[in-house]
Amino acid sequence: MKLSMHTKVLAMLLSAGLFAGCSSTGETMDEGAYGSDVAPVDQDGSTVYGGDDEGGVSSSALTEEERMAAEERAKMEALRDITTFYFDFDTAEIKPEARDVLVAHAQYLANNPGQNVRLEGHADERGTKEYNLALGERRANAVQRFLIVNGASRGQIETVSYGEEKPAVMGSSESAWAQNRRVELVFD
Amino acid sequence: MTKRTWTTSYQTVAAALVALIMLATGARAELLIRITEGADAALPISVVPFAENGAIPPGDKVANIVRDDLAMSGEFRPLPAEKMLSLPSRREEVYFRDWRMLGQRYVLVGELSRNGDRVVARYELFDVNQEKRILGETAAASVNGLRTLGHHISDKVYEAITGVPGAFSTKLAYVTLDSFKGKPRYRLQVSDVDGKRARIRLESQEPILSPAWSPDGKRLAYVSFETGKPAIYVHELSSGQRTKVADFSGLNSAPAWSEDGRSLLMTLSKDGNAEVYRMDLASRELTKLTNHWAIDTEATYDHTGDGIFFTSDRSGGPQIYHMKTPGAEPRRITFGSRYNARPRPDNSGDYVYYVHQRNSAFHIARTNLKNGEETVLTRTESDESPSVSPNGRMLIYATKQSGTSVLTVISADGGAAYSLPASQGDVREPAWGPIVK
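Protein chains in written order, with the numbering used here: chain A, 7 to 194; chain B, -13 to 423.
The hints are simulated quantities; they were obtained by calculation from the structure and are not laboratory data. For each residue, glycine too, the CB sits at the ideal point set by N, CA and C. Each hint should be verified, as a subset may be incorrect.
Unchecked claim - Selected chain B positions facing chain A (Cβ under 7 Å, derived; list incomplete):
| hint | residue |
| --- | --- |
| 1 | 193 |
| 2 | 195 |
| 3 | 237 |
| 4 | 240 |
| 5 | 260 |
| 6 | 281 |
| 7 | 283 |
| 8 | 284 |
| 9 | 297 |
| 10 | 304 |
| 11 | 328 |
| 12 | 341 |
| 13 | 370 |
Chain B extracted, bound-state conformation (with noise of 0.2 Å):
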């Protein structure tokens, strides 16, 4: 390892990151690029490994954890190191034409130097054809923290590029299932949108569904049968500590939260059919919010933080219904086909995806709020549970590849696509976390 000499005084690199950041500032209005195409349309880019300075923990190594995080996105296609011709980590060490040669449209270089009980990566971002840096930054982890710091430059990289931030610092909630002692295992887990560094929340021998991540991604509201029955639970993440919030006779499921994290809708047939609640979280106080013969569940807000998404089999089959206020008059969304369910909106207001079924398959789709178009976006069969990242820009469900439940994450308009499949067994119903500030 060849040794650098970048100074790690904090007043120099606070000084640098100032810099760096007004940089980045002023460099982004420029280099707006919308990326609609999907897989076919990656961008090439190179991550060259970054040099290490002082003690750099061995393992995974950071510039490997960005090129992964942007090689799923599927509109990165990141060239394999092997095939660098150099392997700069600043900028004097870059020579454009070498990167031209590529094919390469971007370069990112860095280097990483440790202070104290912190590793600090110092990073620019290049544009090959332009030759201009577009980013620098610096930015600090723990020296346990060198997925977090791996995630922070691939969420500051993405939105460089593209103007939409990254949602690689981001969590997954998820469900897995296997057998224990014969026993059916269910265990509530909580990951990087990677799958790395998985935590066990809450093991049960009953099902657990449906969790949901509160605004600010430090509470989960799930729904759990541990005591025979469903309930629906709200937990803390930081100190463990859980709350049933609904135990009424019958239903108790499908819980989503308000944009303030005061409220969750939820689906409770206390009075003899499922209808769509709000519940005040801190006085417990119910709204009923639909009332029809049919089954109406699997509610959410729509963008608007107002408007709120349905399912309902009032027309017959289940469809996806909107109610522009609480209470308003529904208007059906749906109509390709006899199945569609789950409704899960993106904060733009643009699209719906939900689950639909053609033929025998059950698929993933989205609408088109503005036109009322409708696409299909997978082409596997068994597919449940989609979940929205929140930048708009990806799309987790789960799926079946023989026989066992995965987790599978698409682009939003159905391009690339990568599985996050469990160790044993299954795991299912994913739920993609905010970004957090």
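If we strip away everything but chain A, and leave its shape as in the complex, we get (with noise of 0.2 Å):
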């Protein structure tokens, strides 16, 4: 998707002539660089994109954005480290933090369709194992929800739940309970 997009600026400004007279790469923004048709500046002096005539980007503007998409996109990869998502106590209910973690998830999985992911959803110890069971599973219902609206296709998400059978952390204490109450995402 990233890629389409530059691919498609490129283009835009090839037709636009716009390569005549830009340095190659790296370049800061500087007045002599802009040719004659170049975007107007507005009152105050300062330099304005774009504009009615979609011609006016600059060709440093472009490293500018791929610097920017190099940036976010380590920035998805550092999130998508994250692939353990936490609850409280008997509810499925996905915690404002973990929500950019799983967009960068979706935004993964619908860049690679071929990419395969196992939701595995648990419970903590308290309460009965039969309740938990299928409270594991509506947690890791939950994430692949979230996941579908955000790009990601039912056919790469596969769930499964066991309950408070495999706890991350042994123990009965509130920090066990927290960290076993949890959906992990596992690639394949």
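Since each chain comes alone in its own frame, lean on the hints to assemble the complex.
Dropping the structure here:
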């Protein structure tokens, strides 16, 4: 998706002949580098990109965009290092802090249709085993829905609930319970 | 060991059996005692060590098995043998005055003799105050089956005194979990109710859950994750033959048998949400019994064999519901706290038992279905998986003792208790088997 966007921008730039007078890459914006048909400068003199004329973008803006995209990719990749999501007792509500990370996973799945993921739902040891099996499934389903809404396709996702059978942390403390109420994303 | 002269001729034994059974039946009606107060009101009983004639296998003593069974029930307080003034084995040796002096209500005496490859027990139970025999019988078991013989006598004694059939000859199914070569090891086991004579029926590195006895005691249904996801199996105990009966996408869990043993209730989420279904085992045909966006699970038949108790969080948290007939509008049963789950009714229709959260602890509680009154039965705090004995007098559940899961048996009103820990690791998911005639 990102690549095709770049291609489009590149094509636009080429068709607008904006490469004339541009240095190769990495240059800071410099008044002198703009061609005569370059986008207008607004009243207080700051540079405005775009405008009515779609060609009003500089080549250095492209590299900036590339840099930002790379940064964004790195950020998304870093986010995707997080593959475990935690829940409150007897709930399957995705926490606000989990959203950006799950969006990153969803986009990754959208960009890689061949990639599958297994969502493993878990509960803490409190309460009954069978209800916890259903609760683990509800959590996995909540994550599945979130991923689908954000671009992943249903066929890429498999869910399984282990209920309270596979705790991440042994013990009967608040902290152990908090770490055991979770959904884990397992990529093939 | 004093030699005694108990005739072992087959005909004599058979004749005595008939006579004694008649006596026993005749006596039962007038001696019905309803015990309602649990451990504090435990009845003093003396189980006198049985006399032995002929080659009785060493090891477990039959009278000790009986003594321990009765003590285990919480309804009896057996007198230690060293406090007894005499060790009678037949009626003419019983001096009621002595037993009265020791504060005893009942005295059981008996004698074991060898008959080929069988051991025959002749035993008599006396009411000390009335100076009357209230039970007399002979019973036989193979030389390797002295525990079977002991539990049988316990059942008879229990019934003669309380009027309720004993459940000491029934079986328990449960799951143990330990670690073997760095991997978890789940084992489905079946034992006597005192935890003895355990046999492993299934071993897996993946979880085994929710064993459920068929009404004839011949099959277990359970959930196994052996393929990486939960599926329901039916396991015939005599042959070891297993059939995978439910392996749909999503949950396949919480099996419970119908009274006729022909169908299973189960929780499936194949349509996206946990619902209760009934599966006919012959045709594998499914009938959907609940239909709600909430979690519906842990279904079990009520004492009528028609109505169904189940757990649902349709009110916001898990609560117990009852459907009078499959598919009827559910009625909510529990209101006392925000978490009540895994209902297990007794077979009288009086009570339903379940896991109940109070403050931060999980206990076993029961609700009186006649008046809606709720009683918390346990003081332990991480309680799970209640299972009622088939005579409704006792309850087994799983709890934690210093971080390890153990089984605990209590009287159904919460009085007495005993624990059944595993020799190593955890033991959980107890299921009390039926009385098999």
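- Any hints this thing doesn't respect? Which numbers, in order? Failing hints: none at all.
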